[in-house]
Amino acid sequence: MATGEEAGMPLNDVVSKLKSFASPSLAESWDNVGLLVEPVTKKNVKNILLTNDLTENVMEEAVKMKADLILSYHPPIFSPLKSVTRRTWKERIIATCLENRIAVYSPHTSYDAVIGGVNDWLASAFVTKSVKPITQNYAPDVKLKPFKVEITSPVTDATRTSTVLQQIQNKLAEFKPEELTSKILVVEDEMKLTVSCSKSSLPGVIETFQTYVSDGDQEHLKVSKYEDLPMPGVGLGRLCYLEKPLDVMTVVELVKKHTRLNHIYFNSSLI
Numbered sequence: 000m001a002t003g004e005e006a007g008m009p010l011n012d013v014v015s016k017l018k019s020f021a022s023p024s025l026a027e028s029w030d031n032v033g034l035l036v037e038p039v040t041k042k043n044v045k046n047i048l049l050t051n052d053l054t055e056n057v058m059e060e061a062v063k064m065k066a067d068l069i070l071s072y073h074p075p076i077f078s079p080l081k082s083v084t085r086r087t088w089k090e091r092i093i094a095t096c097l098e099n100r101i102a103v104y105s106p107h108t109s110y111d112a113v114i115g116g117v118n119d120w121l122a123s124a125f126v127t128k129s130v131k132p133i134t135q136n137y138a139p140d141v142k143l144k145p146f147k148v149e150i151t152s153p154v155t156d157a158t159r160t161s162t163v164l165q166q167i168q169n170k171l172a173e174f175k176p177e178e179l180t181s182k183i184l185v186v187e188d189e190m191k192l193t194v195s196c197s198k199s200s201l202p203g204v205i206e207t208f209q210t211y212v213s214d215g216d217q218e219h220l221k222v223s224k225y226e227d228l229p230m231p232g233v234g235l236g237r238l239c240y241l242e243k244p245l246d247v248m249t250v251v252e253l254v255k256k257h258t259r260l261n262h263i264y265f266n267s268s269l270i
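In terms of numbering that gives the first Met the number 0, the sequence shown is numbered consecutively and its last residue is 270.
Everything labelled a hint here was simulated from the structure, so no lab data went into it. These numbers come from a predicted model, not from an experiment. For every residue, glycine included, the Cβ atom is placed at its ideal position computed from N, Cα and C. It is possible that some hints are incorrect.
The following label-pair restraints were derived from C-beta to C-beta distances [stated by the list, open to error]:
#1 Lys175 / Pro244: 51 to 59 Å
#2 Thr151 / Glu27: 38 to 46 Å
#3 Trp88 / Val247: 32 to 40 Å
#4 Leu245 / Tyr225: 40 to 48 Å
#5 Lys175 / Leu97: 27 to 35 Å
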C-alpha cells in the first residue's frame, strides 16, 4: 500500500487529465491558463482544493488542509511577476505555494469554450431548442500551418520526377515538425507534393521548391491558404434559443436555482 510521498497521483498525470477535458489551446490568446505553479521536486497529488479565485483566505485554507494542488478557475497570475516577495498579495500567494510545494492549475476560458464546460452547464438551466457558441473556436493545427504549397508534375519521366520530389521532401525534413508537414501523392498520370506550413516557414519552403524545380516546371507551383476549420460547439459564450419565451424574472429564478445561489447580479439596462 502506498504511503507518504508515494500516495496519490503524480502531478503530471493529474495535469494530463485536466488537459484532456479541455486543452489549454482552447483558451483566449489574452488568457493565462494551464499549470502556473509547479514544485521543483516531483509531486504526488492527494488533496485538491477547488476555488473560483485564489485569494489569501483561500490560500490559508489550502495550507491548513495540506492541499497538493489548487485548481483555481481564474488565474492568480495574469501579468508577469517581477519579484516574489511579501510586498503584494499576489506575490505572497505564489511565495506560499512555493514554500508549501503546492501546485496551481487554472483552466479559465479553456473550460468556458469546451463542449460540456462552464458555459454549457450554465445554458442547461433552460429548456432550449438549440445552443451554439457566440465566438467560434477554430482548430489549432490550421492556425499553426495555414499555408499550402503544391507542385504538380506529369509522370512522363516517373523516375526523374520522383527523385526531384524526394529531394525536396528530404530538404523540407530539416524544418521543425511543428512548422510544416509534407506528403507525395500519385493521382492517375500526375505526381504531386503538398506542403502545409506556417507563415514564417513559407519563404524557406518556396526557396526549396525553386532550388530543385526547373524554371519550366515552376508554373505548376501553387500557393494557397487554408480556411480556418471551425470546431463545432466549441467557443466562448453560448447563444441559447429557448423552447418557449420566458419573462426576465423567470430567467433569474432558473439561474438562481441552477447555480444554488440566493442572490445573483442582474443588469437591468439590458432589458
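(request) Go ahead and decide if the range 32 to 40 Å is satisfied by the Cβ distance of Trp88 to Val247. (result) Since the Cβ atoms of Trp88 and Val247 sit about 37 Å apart, the hinted range of 32 to 40 Å holds.
(message) Verify the CB-CB distance for Lys175 and Leu97 against the hinted window 27 to 35 Å.
(response) holds, 33 Å
(request) With respect to the beta-carbon atoms only, verify the hint that Leu245 and Tyr225 lie 40 to 48 Å apart. (result) holds, 41 Å
(message) Between the beta carbons of Thr151 and Glu27, is the distance compatible with 38 to 46 Å?
(response) Since the Cβ atoms of Thr151 and Glu27 sit about 40 Å apart, the hinted range of 38 to 46 Å holds.
(message) Within 51 to 59 Å: is that where the Cβ-Cβ distance between Lys175 and Pro244 falls?
(response) holds, 54 Å
Of the numbered hints given earlier, the model fails none.
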